[in-house]
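Each residue of the first sequence is one higher than the one before, starting from 1 at the first, in the numbering used here.
If you are wondering where the hints come from, they were derived from the structure by calculation, not from laboratory data.
Incorrect hints may appear among the rest.
Stated by the list, open to error - With a straight-line Cα cutoff of 27 Å, these simulated DSSO-like cross-link-like pairs (lysine-lysine) come out:
id, residue 1, residue 2
1, 434, 153
2, 35, 490
3, 504, 114
4, 153, 348
Said to hold, decoys possible - Okay, the calculated beta carbon distance ranges per label pair:
id, residue 1, residue 2, range
5, 199, 574, 27 to 35 Å
6, 534, 363, 43 to 51 Å
7, 5, 413, 19 to 27 Å
Virtual Cβ for every residue (Gly too), placed ideally from N, Cα, C.
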Amino acid sequence: MTAELFIASKASEAVKALYGAETAPESMQVQVTRKEFEGDYTLVVFPLLRISHASPDATAEALGEWLVQNCPEIEKFNSVKGFLNLTLGNIYWQECFRGIAADKDFGQLPPTGKTIMVEFSSPNTNKPLHLGHIRNNLLGDSVSRLLKAAGNKVIKCTLVNDRGVHICKSMYAWQHCMNGATPESTGIKGDHLVGDCYVKYSQLEKADPSVNEKVHEMLVKWEEGDPDVRKLWETMNGWVFKGFDETYKALGISFDQVYYEHDTYLLGKSLVQKGLDSGVFVKDPDGSVWCDLTADGLDRKLLLRSDGTSVYMTQDLGTAERRFAQNNLDSHIYVVGDEQNYHFQVLKLVLAKLGFPWANQIFHLSYGMVELPEGKMKSREGTVVDADDLIAQMKDEARSVSEESGKLADVPEEQRENLYSMIGLGALKYFILKVDPKKTMLFNPRESIDFNGNTGPFIQYTHARICSILRKASEKGMAAASSGAELNPKEIRLVRILAGYPQKVSEAASALSPALIANWCYDLAKEFNQYYHDTQILREPDSAVRSLRLAILDRIAAALRSGMGLLGIELPERM
RNA sequence: GGCCCUAUAGUUCAAUGGAUAGAACGGAGGUUUCCUAAACCUUAAAUCCAGGUUCGAUUCCUGGUGGGGCUACCA
Numbered sequence: 001m002t003a004e005l006f007i008a009s010k011a012s013e014a015v016k017a018l019y020g021a022e023t024a025p026e027s028m029q030v031q032v033t034r035k036e037f038e039g040d041y042t043l044v045v046f047p048l049l050r051i052s053h054a055s056p057d058a059t060a061e062a063l064g065e066w067l068v069q070n071c072p073e074i075e076k077f078n079s080v081k082g083f084l085n086l087t088l089g090n091i092y093w094q095e096c097f098r099g100i101a102a103d104k105d106f107g108q109l110p111p112t113g114k115t116i117m118v119e120f121s122s123p124n125t126n127k128p129l130h131l132g133h134i135r136n137n138l139l140g141d142s143v144s145r146l147l148k149a150a151g152n153k154v155i156k157c158t159l160v161n162d163r164g165v166h167i168c169k170s171m172y173a174w175q176h177c178m179n180g181a182t183p184e185s186t187g188i189k190g191d192h193l194v195g196d197c198y199v200k201y202s203q204l205e206k207a208d209p210s211v212n213e214k215v216h217e218m219l220v221k222w223e224e225g226d227p228d229v230r231k232l233w234e235t236m237n238g239w240v241f242k243g244f245d246e247t248y249k250a251l252g253i254s255f256d257q258v259y260y261e262h263d264t265y266l267l268g269k270s271l272v273q274k275g276l277d278s279g280v281f282v283k284d285p286d287g288s289v290w291c292d293l294t295a296d297g298l299d300r301k302l303l304l305r306s307d308g309t310s311v312y313m314t315q316d317l318g319t320a321e322r323r324f325a326q327n328n329l330d331s332h333i334y335v336v337g338d339e340q341n342y343h344f345q346v347l348k349l350v351l352a353k354l355g356f357p358w359a360n361q362i363f364h365l366s367y368g369m370v371e372l373p374e375g376k377m378k379s380r381e382g383t384v385v386d387a388d389d390l391i392a393q394m395k396d397e398a399r400s401v402s403e404e405s406g407k408l409a410d411v412p413e414e415q416r417e418n419l420y421s422m423i424g425l426g427a428l429k430y431f432i433l434k435v436d437p438k439k440t441m442l443f444n445p446r447e448s449i450d451f452n453g454n455t456g457p458f459i460q461y462t463h464a465r466i467c468s469i470l471r472k473a474s475e476k477g478m479a480a481a482s483s484g485a486e487l488n489p490k491e492i493r494l495v496r497i498l499a500g501y502p503q504k505v506s507e508a509a510s511a512l513s514p515a516l517i518a519n520w521c522y523d524l525a526k527e528f529n530q531y532y533h534d535t536q537i538l539r540e541p542d543s544a545v546r547s548l549r550l551a552i553l554d555r556i557a558a559a560l561r562s563g564m565g566l567l568g569i570e571l572p573e574r575m
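Build out the structure end to end from the sequences listed, making use of the hints.
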């Protein structure tokens, strides 16, 4: 039971004893006491005034008296303007910490028995990944980890948009402008080479708009299975996949299932027929099929073109059905930018109209765009922030900061490079994930991402410091012990933050917001750094106190690893 | 035009309807014979506007204003 819930249930008992009224513990408003007041948790008494028929102060005093009298865990109270601040005794916190220390998987919530699929990344194969994709990938990866920590079975998947007119554009430009260039012949990473073709195509089309028709012919040939077109398509996609794999690897991201649009784009047609049969869809005189959503406040939505071919929506209907059926899913989360809000609104409605009971188990994790100070990234203006460049730049930045300090001078070269990657990536991931997903965020390419303050490296550094102390303690033969001494007020604050972790995991998982975890990690690291600054650990003469402190440090380090792990960020033992 | 999202210090981000709106960067000033100064401490600085609901509103509602997005037989 969390401390908040414990207090809430006791408060509920107090209300019954004092005023004879039944209240649900969940209805009690309990919050962590603000720093400037004395106490651990605060009960807001305003909502109880209609029961007590007394002033806020009188109610708070009465409840406080009762709680101190009747709950041995509650040591004392004070009340300020309707806020009842309660202080839990040292024994309570010692036991609380023992519980945390004994829990090997602290923060891993019990199994829910649910299976959740998370689709993210879903790139087009005509361009390399950029900053926008990074936000998508990091969110999808982190949310997957969060849902797993919340006790769910999670299947990560991606849908590669590997066919369509955009791919043909790159193919056309390659045939006409690239003189047979390959990644091998040029040394250019495959996805970048294909991206260059795409840029070339834009120039071609500007000079001669008629190339557009040639590209369309190519698309038709692709659909007909023309061997030459298919061969080139396979070759160029192969280059891109190889390039993407490198980027995914650098980001530390992987998938359990990979879908390709060329396999799925025809799916869903049978569902359209089913909808026609049951009368929820209509066929226009020209043969196109529509779903009328005007009654739901939306428009008519096209599901099949007049020539009988399927559109994006048709495919998504089909893939959703297939995925739910094959994986026995309880829910499916799509990590897709907020420009597609309408699409997913329609998708859910259409699936509901088709009678699928799981239609409302589909969630669109809609995240905001990453913008530059000038606004959106525009490939035409060359302002697109390339994923590979950015990752490399972050590592370089980590290297230069580290070399300036000289702290890693005695670490072997290979490990050092590893640490630079870990730190650079930590800065990038934290920078992006600490922001509420649904909000548009800003990235300024002219200022490198910070390594000081509320950043990934700050938390990594905190962890490295703890590890350093624990290493020294171990060298000196000093053991850690999770009990045997009193906790001082700063230690109680630390334990209180630690104790809130499982609740935080639960909140973050249901809100699909890694930002909540990022903030929690920062709070813990910040609190620890203050503690570290004015508390002796290794030099503490009382061995019982010292052992307890070492145990607290050990658990803080573990909690930071766990929390940052949910963000996909590794923590170094040195830096 | 219609629909959706959004608005908080100079800047980037926080704040289940609760106390004096928190941080970080940047600004000003300070801390290293002491477990890693990527740290710590002090300081100045903000809720777009107008109403409403409430004991209490940054948060909920209405109306403005600014910013973004969607409104394709593209994906």
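How the hints compare with the structure:
| no. | hint | result |
| --- | --- | --- |
| 1 | 434 with 153 | holds, 25 Å |
| 2 | 35 with 490 | holds, 11 Å |
| 3 | 504 with 114 | holds, 20 Å |
| 4 | 153 with 348 | holds, 23 Å |
| 5 | 199 with 574: 27 to 35 Å | violated, 43 Å |
| 6 | 534 with 363: 43 to 51 Å | holds, 46 Å |
| 7 | 5 with 413: 19 to 27 Å | violated, 51 Å |
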